[in-house]
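Q: For the sequence shown, our numbering begins at 1 and goes up steadily by one.
These are calculated hints, taken from the structure and not from any lab test. Fair warning: this is a prediction, and the values are worked out from it, not measured in the lab. Wrong hints could be hidden among the right ones.
What the hints assert, rightly or not - FRET-style restraints, in silico, Cβ to Cβ:
no., residue 1, residue 2, range
1, Ala81, Pro21, 40 to 50 Å
2, Gly222, Ala110, 30 to 40 Å
3, Gly48, Gly394, 28 to 38 Å
4, Ala47, Ala316, 43 to 53 Å
5, Pro130, Pro401, 35 to 45 Å
No residue lacks a Cβ here, since even glycine has one placed at the ideal position from N, Cα and C.
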Amino acid sequence: MKFLPYWHDNAPAFAGAAQGPVDGHYDVAVIGGGFTGLGAARQLAKAGAKVVVLEAENVGWGASGRNGGHLNNGLAHSYLAAKAELGKERAIALYKALDDSIDTLEGLIAQEGIDCNFRRAGKLKLASKPQHFQAIARNFEAVNAEVDPDTALLSADDLKREIGSPFHGAMLSKKSAMMHMGRYVVGLAEAAKRHGATIFEKAAVTEHRQAGSRHHLKTTRGSVTADAVLVATGAYTPSTFGYFRRRIITVGSFIIATRPLTEAEIAATMPGNRTYVTSMNIGNYFRLSPDNRLIFGGRARFSASSDQRSDAKIGAILQTRLAEIFPQLANAEIDYCWGGLVDITKDRFPRAGYHDGVWYAMGYSGHGAQLSTHLGMIMADAILDRPDRNPLKGLDWPAVPGHFGTPWFLPLVGMYYKMLDRFQ
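Put together the whole structure using the sequences plus the hints.
A: Laid out in structure tokens, this is it:
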């Protein structure tokens, strides 16, 4: 078993990183070389801006290369819950932003010729309990009538054609997609560089200060100045940006990937070949990889990876859960096990805008793979003083009480959601 992301191990390395010390003056400095930062950098560079990307590790090292490979439209909440909290107009705008984000990805991949196995697969939200299907059905009725007619409600009998495991029904979101995350992020970095962006890897930002209209950024490889800064670091935001760290809860999410499955095994487990998410609070998500591995994830532990021994224990927990859902794969070998951090906001709505001299986009709450490139491009347009398309503009973002960057309360949160799953 390899303790590294499947996406990292099965993608070419980015060869276009800038060499030498970090220095110079730029129109825009983008902090973070994931989907958000690279999407913004490409957009800025295409417009003629002089832009630098400062990545602490390698492009796609963080959440962009550690996720489950889903590009799911729809909200992290139910649409009904979002409408109740945000109002109908904002809920619809945010839902449509997620639809638009997948269109953005599809168009960008075609324009830049990125070979990343993009496919409109559709997503199934699977009801783990009968009462969950009732809630899914109510949400479907509102979604289908008000915001997304490309949806369908499937009964338990309908699901027999989709998945080789008993669930109580599901909502199908037909616009949802999937892709190879590692190949995409490298292709996006190459596109940003091709359009003129400078990308530094192993250049963690350790200090930020603003003097007048000029930003000064110190990294582990040198310093730069810039007229504007975009923070696109999500769960991996450095301590120098305390405002965001007090508003982001970093939660661990873990994934395993089996050996490649046979055609008979695929037919017996996931003949629909879609992305799948269960309805439990501490649920699971899964899909097939381009080479037919079952990629299976969940929150086996709420904190981040600590060492290989603990990751092995988490892999065993996920393998047990995989066997509960798909007993026909109980003996399938596990080839990969990895973990990463998810940047969750208290209300699980993402945030993007401008605060105290810097631009930002983060807090995707498990829906970043699809939204991040799109929102990065929207923030780039805002920096360029183009028409404002930010669906999150003006959304209040209070700090999490008692939270100063290290989420000490996560074990309590985990216990709470486990209790909910037992009784709801």
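Q: Look at each hint and say if it fits the structure.
A: Results of checking the hints against the structure:
1. Ala81 to Pro21: 40 to 50 Å: 49 Å, holds
2. Gly222 to Ala110: 30 to 40 Å: Given a distance of about 37 Å, which is inside 30 to 40 Å, the answer is holds.
3. Gly48 to Gly394: 28 to 38 Å: 29 Å, holds
4. Ala47 to Ala316: 43 to 53 Å: 49 Å, holds
5. Pro130 to Pro401: 35 to 45 Å: 36 Å, holds
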